[in-house]
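Asker: What follows is the residue order along each chain.
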Amino acid sequence: MFKLFHPNKIFQITSKAPKYVLFLFVVVLSVGLTEALILSPEDYKQSDAVRIMYVHVPAAWISLGIFSSITFLSISGFIFKNKNFFLIAKSLAPSGFVFNIIALVTGSIWGKPTWGTWWAWDARITSMLILALFYAMYLISWRIYESEEKVFKITTLITILGIVNVPIIKYSVDWWNTLHQPASINILSKSSIHSSMLFPLLIMTAAFALFSLLIFLMKYNTELIKVKNKGLDRL
Amino acid sequence: MINELLFMNGYGIYVLSAFSFTLLSFSALYLITKVQFTKEQNKFVAKFGSLNSEKAKSAKSQRINKEILANATNN
Chain F
7 MFKLFHPNKI FQITSKAPKY VLFLFVVVLS VGLTEALILS PEDYKQSDAV RIMYVHVPAA
67 WISLGIFSSI TFLSISGFIF KNKNFFLIAK SLAPSGFVFN IIALVTGSIW GKPTWGTWWA
127 WDARITSMLI LALFYAMYLI SWRIYESEEK VFKITTLITI LGIVNVPIIK YSVDWWNTLH
187 QPASINILSK SSIHSSMLFP LLIMTAAFAL FSLLIFLMKY NTELIKVKNK GLDRL
Chain R
28 MINELLFMNG YGIYVLSAFS FTLLSFSALY LITKVQFTKE QNKFVAKFGS LNSEKAKSAK
88 SQRINKEILA NATNN
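Residue numbers (the working numbering), protein chains in the order written: chain F, 7 to 241; chain R, 28 to 102.
Okay, chain R solo, but in the shape it has when bound (with noise of 0.2 Å):
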């Protein structure tokens, strides 16, 4: 069963290259992706901590800030 499924009538090298292939893109592009977001996520905390307390508040007041720092906090 193994065996057959790995050689696919002699094509097994083609299909499973063209199949890996794609299982690899999809890692790849979910990583990068996934590493792009962390890094802008912290540089947010990083600068929303830097801000005095007066501008925190400000900035606070916009729920699409208190939301990315909820996120943060969660991950």
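One chain only, chain F, in its complex shape (with noise of 0.2 Å):
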């Protein structure tokens, strides 16, 4: 099966597919800021700072994705000895990590109007902010480790301990009095958001999913080349 996998099967699909994806995004995004900036409605409580919801949520939720995604693919390569499945992990953490930085900051942004501060040391805010580190610590291991079995190890271990963060900013809105109001959303239960807000949302979370996938494929694009240098250089 992971000879589905091999990087020189992906490489094929991978260098083609970012034309494709950047136009689909462009598109996508077009539609989400319409929707987000001029036809959504305004709250009829936080008026029309309700808008930062659009880029906010959706940041906050790829970032967390992307993380249980590189946790669940170094525990994978960690077991099945596939380097392929660090090379792809490690694509991925670049836009985690400014997913991760842009819920913060606009985060930030959004509790001035609202909360009237632009940070609060509340249990949500610095979970992510825990997060955030976490995101760093990965990105710097593979950075100043020469060595790949050392990296695999580092690597594997930074997403295991920080794993244990993402249920925490889950669950923190209901486990603490926080200033963050409680899910809107949910899978397994009816939404208390209202559809008009709701189908904006989605948009703006498929336009920053084809972003994040844009940026997987250029940056894994980017490592095969890189594995494929050295390979020159055994020749």
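Hints may contain errors.
Every beta carbon over 12 Å from chain R, so not counted as near; a handful from chain F, in silico [unchecked claim]: (1) L28; (2) T132; (3) H186; (4) I191; (5) N192.
Straight line, CA to CA, 25 Å or less: simulated DMTMM-like cross-link-like pairs of lysine to aspartate or glutamate [claimed, not checked]: (6) F/K118 x R/E67; (7) R/K70 x F/E154; (8) F/K118 x F/E41; (9) R/K70 x F/E152; (10) F/K22 x R/E81; (11) F/K156 x R/E67.
None of these hints come from the bench; they were simulated from the model. Given the structure is predicted, the values throughout are model-derived calculations rather than measurements. For every residue, glycine included, the Cβ atom is placed at its ideal position computed from N, Cα and C.
Combine the two chains into a complex, taking the hints into account.
Answerer: Shown next, in the form of structure tokens:
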């Protein structure tokens, strides 16, 4: 089954895919921005400040999703001794980190008009900041360690420690009294958000997911060429 | 209409700065990733060009190497 994940086979697809993904991203983002900034209604309580949700929430969701995927891939890479899993995980990390930063900064901007402060050491914000630190440690480890064996071990350890924080982020609003409201969107039960706001939120989430796919593909192709460059040195 | 869109009941500065920060971060990440990719691709082409004919033939037997070269010439 892992032959399907062989870089030689994957590169045929990943080298051609970015231009199509970029096109799709621009189209979906344009629709999303129109919906989020013009067509969606204002909130009865927060007024137009609610529009920040359309960048803040998808960024937070995707950064959490990417970190979970990185952990799964790193552990799988270790179990199945498959280097390609580590390369995929490494290629996902930059967009996950940037989405994490976007979630923190836009959250801070949203906090000022709604809570009257740019920053609070609230459980959700603090745990998101901790996630950003884990992302930073993960990315720095790839830069500072030369030995593959060592970097695989250290990055897997970082992701295992960091994944403990993911359920804390998710349930922090239920476990502690925080400034954040409880989740408005539930997969298993009825969501409390109105469809006129849910639709633009889902479109923006799709746009952000396409962007992270685009960055992943470009980064993964770079990593594969790096491997091949080393191969040419050995010839 | 434009004024309404920019002012947003007094929240325009917050909303537009959040969206601008997001789009700027996207552009920066895209450009950095693109530069890294092009740099690595150019390095590959230069290394490939410096190989002698026998080594080049052996390297070209790998499909992925051919793909990288083809992509580099197309870009």
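Asker: The structure should be examined with respect to each hint, and the outcome stated for every one.
Answerer: Hint-by-hint comparison with the structure:
Here F/L28 does not stay apart from chain R, with its beta-carbon only about 9 Å from theirs, under the 12 Å limit. No Cβ of chain R approaches the Cβ of F/T132 within 12 Å, the least distance being about 20 Å, so the stated non-interface status holds. Distance check for F/H186 against chain R: the nearest CB is about 16 Å away, which clears 12 Å, and the non-interface claim stands. A cut-off of 12 Å between C-beta atoms confirms that F/I191 is not in contact with chain R; the least separation is 19 Å.
With a least beta-carbon separation of about 25 Å from chain R, F/N192 lies farther than 12 Å from that chain, consistent with its non-interface assignment. Of the pairs offered as hints, the one joining F/K118 and R/E67 is violated, with about 43 Å between alpha carbons and a cut-off of 25 Å exceeded. Distance hint between R/K70 and F/E154 is fulfilled; the C-alpha atoms sit about 21 Å from each other, no more than 25 Å. For the given pair, F/K118 sits about 24 Å from F/E41 by alpha-carbon distance, which is consistent with the 25 Å threshold.
Of the pairs offered as hints, the one joining R/K70 and F/E152 holds, with about 20 Å between alpha carbons and a cut-off of 25 Å not exceeded. For a cut-off of 25 Å, the pair hint linking F/K22 to R/E81 is broken: about 29 Å separates their Cα positions. Restraint check: the Cα-Cα separation between F/K156 and R/E67 comes to about 24 Å, which is no more than 25 Å; the hinted pair holds.
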